[in-house]
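Asks: Residue numbers (the numbering used here), protein chains in the order written: chain A, 1 to 324; chain B, 1 to 333.
Derived from the structure by calculation, the hints contain no laboratory data. Values in this document were obtained by computation on a predicted structure and should not be read as measured data.
Cβ pair distances, simulated, as ranges:
1) A:Ile313 <-> B:Gly232: 35 to 43 angstroms
2) A:Pro91 <-> B:Ala90: 34 to 42 angstroms
3) B:Asp233 <-> A:Tyr305: 26 to 34 angstroms
4) A:Gly298 <-> B:Thr277: 33 to 41 angstroms
5) B:Pro120 <-> A:Leu185: 50 to 58 angstroms
Using N, Cα and C, we set each Cβ at its ideal position, and we do this for glycine too.
Read off the chains here:
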Amino acid sequence: MSEQLNGKKIIQIIFSEYLVLVGIAMLVLVTAILEPKFLSPQNLNNVMRQFGPLIMVALGMTFVIIGGFIDLSVAGMLSLIAVVTISLIEPLGQVPALLIGLCLGAFCGYLNSVLVVISGAMTQAEALFITYGMSVVYGGLALIFSGGSTKQMSGIKADTSLFKEIGSGNIGILSVSFVMFLGILVLLYVFQNKTFMGRAICLTGGNKTAAKLAGIPINRSIAFIYTISGFMTALGAIVLFSRVTTASPVIGKGYETNAILAVVVGGTTLVGGKGSVLRTVLGTLLVILMSNCLNLLGVSVYMQYIMKGAILILAIWLDNRKQL
Amino acid sequence: MNKKIKIITMLLTALLVIGLVGCGKTTPTESTTDTPGEDTPVGTTDEFEKIAFIVADMANESQAFASKQFQQYAKDYNFEVVILDAKGDAQAETQAVKNAIAQGVKAIFVNPNDINAIIPALTEAKQVGIVVGMFSSDLPADKTDARDFFVGVNDNMAGEAAAQAFLNKFPDGANIVEIGGQSGHDAQIKRHDGFNNIISGTNINVIDFKATNTWSTAEAMAIMEDMIVKNGDEIDGVFCHWDNGATGVIQALMAADMKDVFVVGVDGCRAGFNQVTSGDQSVTIMQNFTTMTQKSLEMARKVIDGEAVEQQNFVPLDIVDIGNIDTFTAPEW
Chain A
1 MSEQLNGKKI
11 IQIIFSEYLV
21 LVGIAMLVLV
31 TAILEPKFLS
41 PQNLNNVMRQ
51 FGPLIMVALG
61 MTFVIIGGFI
71 DLSVAGMLSL
81 IAVVTISLIE
91 PLGQVPALLI
101 GLCLGAFCGY
111 LNSVLVVISG
121 AMTQAEALFI
131 TYGMSVVYGG
141 LALIFSGGST
151 KQMSGIKADT
161 SLFKEIGSGN
171 IGILSVSFVM
181 FLGILVLLYV
191 FQNKTFMGRA
201 ICLTGGNKTA
211 AKLAGIPINR
221 SIAFIYTISG
231 FMTALGAIVL
241 FSRVTTASPV
251 IGKGYETNAI
261 LAVVVGGTTL
271 VGGKGSVLRT
281 VLGTLLVILM
291 SNCLNLLGVS
301 VYMQYIMKGA
311 ILILAIWLDN
321 RKQL
Chain B
1 MNKKIKIITM
11 LLTALLVIGL
21 VGCGKTTPTE
31 STTDTPGEDT
41 PVGTTDEFEK
51 IAFIVADMAN
61 ESQAFASKQF
71 QQYAKDYNFE
81 VVILDAKGDA
91 QAETQAVKNA
101 IAQGVKAIFV
111 NPNDINAIIP
121 ALTEAKQVGI
131 VVGMFSSDLP
141 ADKTDARDFF
151 VGVNDNMAGE
161 AAAQAFLNKF
171 PDGANIVEIG
181 GQSGHDAQIK
191 RHDGFNNIIS
201 GTNINVIDFK
211 ATNTWSTAEA
221 MAIMEDMIVK
231 NGDEIDGVFC
241 HWDNGATGVI
251 QALMAADMKD
261 VFVVGVDGCR
271 AGFNQVTSGD
281 QSVTIMQNFT
291 TMTQKSLEMA
301 RKVIDGEAVE
311 QQNFVPLDIV
321 DIGNIDTFTA
331 PEW
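Just need the whole structure built from these sequences, with the hints factored in.
Replies: Quick look at the structure:
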């Protein structure tokens, strides 16, 4: 009986804590059987490149959700940063354009945090509306800046360039964007687990009142949360337009929902306080693999909508069960 | 915190100013034509009749460009144009028609989000004597009495023209793939149908087809990458429903070192022109929004002046390739 209970417990743990791994394993197995080319080096290279933009945004979103907030502004922000940065390559050069793009992302994120703090938005629902409003503002600014048209990456004459390398370059067998991701993952992991502010963000998300009483600087935590999200969105924008070589003023559309999906499916709890950037990596991998596998298997885009929605609902349901 | 409030107030004010300045120039939710200059017809702005162009979604760059064309050419037909943006929302578009009625416009031009949902509002507009012109997409065949005329391209013909380009290029047959625009979108459906009506039964095999979630370059690129993995060197050609999507297709082909693939896109936008000029894209099927706008304004002027007009006006599509691209003016959008 005891053994049966232990077995049941193990299955429960696997399904509640590591369901995303089970999902990835099943997806890989089924697709590899039905379409052997799935495991070809070319496809794995494609997956690695498709992974780049979303993982950047999702890693930033992880801190927002761990902190007990949400950030819907990433869609508009990504569009704004992409059109601004790509437009600045020709007049200013690649490095200044890159730096301005990153600073713009951090600034937009900080602006979000200031709005959240001064409006007293201490719940996820309140932050949702504020960041949605900012997404509309950033999206509008992207349209104004671009005149409503797609910006193309011009002004780069050399065969080798910073943005071309980010978009299509390799370091050994890994793409440049994937190496960037690995470096950033290490930094964010250390930040989350080994620094005071990383732990302060977790405590803020767990219980704001208790955190405040314990001397945690809540407002500074919020500033860090949204600034990281803005900076990571900027990195996502740069990886994305470097890959496709153009930036439309609506290029960020859908990134907010996909990033939240990746974070929640990975296992970071929506109520805040608990989560990990490593979990988000798994969540993002599942989202990217799902599109890749369904494309290879010839499944229609309508079915992809249904599957994404179903996976999100399942992840939230499991998350709620864990809270009980 | 007071300091922060001051900073945020200043920032929001700056945003507002930038927004207002920008709106005056390019992509307004509601804007009007500039005051006529010295070269405009004699008279004051009061003598221009007010019309409204209701845009399905200003975030769609072809529609943003069309709105600029309305602003540019309205005065040539003695009109002052108000631009209303429905932001991709069928309900907001209905409301925009009602707002135009309330503003007492003489004519409205609608680029519909939903060709069925817009009908009651258009009927209401017609009942109060407003001239109704459909722009780019027409109403269903049995509901055309809710408008006075339609001006646009035939998206079925765009698909057919793309198919013909493949038949001309590959008389001995070929394997091609198709990447569709936004799933369920009127243009995506018609381009797909037109393309397949011509291609089916020929020696051109469509070995893979996939539509996208949105008109996203990144998504088109990801789908093309996956199609290359699946079909590899079997692919002789790609039909992508829009030129900006073809940009992603070309990037995927370059990454796979597939240089001789015949790529056909639709739109004739700046990206398409650049790609045809550089040889990366073989053909772009061009829709001319300037001609479409001028024709719409001409039709409205005639109806207001009591002249009879043709109800359905298809603006011809131009097939642009490296051989004739110099004969076309490069588009602004």
